[in-house]
Amino acid sequence: MINLETPRKFRAFIDQANKVADNFLRANSRKYDLAEHTYPKELDMLASLVDGMSDSGQGQGAGATGVRRDDVEAADSSQRDGKIKNGANMSSALSIIEMCWGDVGLLLTMPRQGLGNSAIASVATDEQLERYKGTWAAMAITEAATGSDSGAITTTATKDGEYYVLNGEKIFVTSGDRADSVVVWATLDKSLGRAAIKSFLVTKNTPGIRVERLEHKLGIRASDTAVIVLDNCRVHESNLLGNPDVDPKEGFAGAMATFDNTRPLVAGMAVGCARASLELIRELLEGAGIEIDYDTPIQSQSYAAATFIAMEADWEASLLLTMEAAWLADNRKPNSMEASMAKAKAGRVGNDITLRCVELASTLGYSEMSLLEKWSRDSKILDIFEGTQQIQQLIVARRLLNLSSTELR
Amino acid sequence: MTNRKDPMGIGLQVLNRIASMPGIDKLGLRKTTEKAVYHGAKSGFQTAGVVNRTFKRVTSSGKPTRLSRTKDSGVFDLSPTEDQKMIVDVITDFAKEILRPGAGAAEVSNDTPKEVLEQTSEFGLTLLNIPEALGGLSEDRSTVTGVLVAEALAEGDMGQAVACLAPAAVATALSLWGSAEQQETYLPAFASDDIPTAALTIAEPRVLFDPFVLESTAVKTADGYTINGVKSAVVRGTEAELFIVGADLDGCGPALFIIESSTEGVTIESDPSMGLRAAGLSRLVLHDVKLAEDALLGDGSADDYRECVRLSRLAWASLALGTCRAVLDYVSEYVKGRTAFGEPIANRQSVAFMVANMAIELEGMRLVTYKAASRAEQGLDFAREVALARRLSSEYGMKIGTDGVQLLGGHGFVKEHPVERWYRDLRAVGVMEGSLLV
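Chain order of the listed sequences is A and B. The first sequence begins at 204 in the working numbering and counts up by one. The second sequence begins at 74 in the working numbering and counts up by one.
Just so you know, the hints here were simulated from the structure itself, not pulled from any lab data. It is possible that some hints are incorrect.
In the DSS-like style, the derived pairs of lysine-lysine whose C-alpha atoms are separated by at most 27 Å in a straight line are [to be verified]: (1) K407/A x K362/A; (2) K472/B x K583/A; (3) K187/B x K472/B; (4) K244/A x K420/A; (5) K222/A x K212/A; (6) K144/B x K158/B; (7) K409/B x K363/B; (8) K169/B x K488/B; (9) K136/B x K293/B; (10) K212/A x K144/B; (11) K286/A x K488/B; (12) K288/A x K158/B; (13) K362/A x K336/A; (14) K288/A x K222/A; (15) K158/B x K536/A; (16) K288/A x K472/B; (17) K286/A x K144/B; (18) K536/A x K288/A; (19) K536/A x K244/A; (20) K409/B x K488/B; (21) K420/A x K234/A.
Given only the sequences and the hints, what does the whole structure look like? Please build it.
Shown next, in the form of structure tokens:
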């Protein structure tokens, strides 16, 4: 039955998440935005809480460990009884919305919730899962000359007996400094193209891996963004996540599997961040006597009220697209296009809304005494990382028009 | 008054001279000019309302029958029920086989063929919101079904969809807000084999129209009410036997009134508009129309009127979904086939991204519209969601319509392709108030 309300069973959980976000994240927002690169110690306590929830099974997807692709048991059960599920994908999306309503940067630096952790969950063998339990793993893919075209990375992994020797330089590694391990994408053989790209888990204490510097950023300043150098870094072959064979047919899919699961979550980040701005601007406008009326035609209301409704409409669309992508994943339906739609819409709308809310709030919005200006800086990256706006549009267009990457470039 | 010395006046005189020239016939131009003149006159074409059938007044002291609310399943779910799938399948076939091919001819005739209207009656579209006890199809509110049906019809042709759905709006209004007497007097006709042509009208033709600030008035008299005003967006008004009309009641705010078409003082003026030509849009001119007390729909509460406005906006958003899907499908095919500079234009990012963004916005507006509908049928407050759905369907509906023409280039501008009609139809979405309900 068509129903787009928040699943009943998650309502209490979301409420909790909101309180956590308010007390641990929002409360520390400005502090760590100003003290860039200072470790947010308040998060350690929160991380233990989340770990506990994940381990007890009550986490309901609160963490980055997400859903494994080959969750066979779940697949069978939902196909057998045909019942619609609201599962871990949905609850993860909803919880990340609350966390980012709190603070995007602080969410990104939650211990043991790195993108590398998602990669491990998506791609690792069962033995590796056990071995890497409890680590905080960052993800290192991007290089100075290679961002969107991740198939063109030049970091190499050369086999030497039972080891691989890694050489290269990675940039934009979120939590690169604070994490205790890094999942590094490297190629086994550049001449074999994308199929030869594999990911390796490298613990920070391994000789040959070092954090070269930390970036100073426009936003999400609470999150450390590192340049990491691999200089003849030797890792044992058992650190190669998943399948070591170069299979041209499987190609890139293994490595990219992580992103299909995380794309709706990144959309959720933008949804949460924008909601923070919308709620505050509404409070400010209503405090200034502006009435926002859902029945009076928008063209007959003040510019501010009409703008608010227009922003809220776009926001609602991005929320529901995110929930749709999560719902499809929970119900074992393909969601690649919808995930990209969600990320594209939420990314651009999140940025528009946060910027326009500053505009509406005049110099109050522009001041560091309000969080509005901070949210408008944080939102920009959400339309860029994990697949830019333009890449998302490319993915949607190719699916829709049934075009290959050689046809629609 | 044309002044000989006035430049415009001189222009008109010249035109008049051209028109009287025998040469115009040689060039085969007379027919075209005559058509234009006829059309100009037709805009002002006025008629009294058709003689309506007798609606046998029923006196009842019972309570009106209302549909119950659908229960909240507690689960986020985008799957239609089996029933909904069946209905939508049938309607989709009909839209594809009948409505779409007939759209051009319907436009030219400014009306929808009788056979099409009868077929949709046979589908039971009018009965969706009439309670079973009164001859209808439902126990529970089925707003979502209404949305899905409107969407499916509009994918075929919005104009004909509007014509087909208009009588159902009157039936729905009677179901949702009418008194027991009104339900028993009028609903049997809607559940019969011979459904009355009927129209619900709230809109008035003026700039920045606000449905909550009506200029049409209803003044309470000793015998009932006297109504004055001009209403617009009246679907197939020249054929309608029964109207439900919004008017301001004694300066206290808008209410709805039942008016039979033969009532003295009722005049219909044909109002061909930018699009929705097959819907026979007209204006209803009410001059000292005297109504009995029982003409006030239900108890005339502000809540009922507000719900009417919201449900009609939801209906228009639903139509937008269908027509936008038609545009998206059409342009997707076109850009893959059309070549320029050695390859299909679909291979160019600027073209491909326009199509991708159409799909993204359509999916967003679809979900928000469904959410509003699902809240409405569960009895939850849906004012916010309808406002958001209206904003999206108006803004992006029109963007999709205009991009649809753009992607076909010059071919999009001519009537050989349907995109120009969808452009004109989609402009209605942000403009319309009333006329339809879900």
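Problem - Pair hint outcome, K420/A versus K234/A [Cα-Cα no greater than 27 Å] - result: holds, 15 Å
Handout entry: Hint consistency between K472/B and K583/A [alpha-carbon to alpha-carbon, up to 27 Å]
Key = holds, 25 Å
Practice task
Compare the distance between the alpha carbons of K536/A and K244/A with 27 Å, and conclude whether the hinted pair is satisfied.
Solution key: violated, 40 Å
Practice task
Starting from K286/A, check that the Cα of K488/B is at most 27 Å away, please.
Solution key: violated, 47 Å
Handout entry: Pair hint K288/A and K472/B, alpha-carbon separation not exceeding 27 Å
Key = Cα-Cα ~35 Å, so violated.
Practice task
For the pair we were handed, K144/B and K158/B, check the Cα-Cα distance against 27 Å.
Solution key: holds, 19 Å
Exercise for the section: Quickly compare the C-alpha distance for K286/A and K144/B to 27 Å and report which way the hint goes. Expected result: It holds: about 18 Å lies between the C-alpha atoms, which stays within 27 Å.
Practice task
With a cut-off of 27 Å on the C-alpha distance, tell me whether K187/B and K472/B pass.
Solution key: The hint is violated at about 33 Å.
Problem - Agreement of K212/A and K144/B with the hint, judged by alpha carbon distance not exceeding 27 Å - result: holds, 16 Å
Problem - 27 Å Cα cutoff - pair K362/A, K336/A - result: holds, 26 Å
Problem - Restraint check for K158/B with K536/A, where alpha carbons must lie at most 27 Å apart - result: holds, 18 Å
Problem - Proposed proximity, K158/B with K288/A (alpha carbon, max 27 Å) - result: holds, 20 Å
The structure does not agree with the numbered hints 3, 7, 11, 16 and 19 stated previously, though it agrees with the rest.
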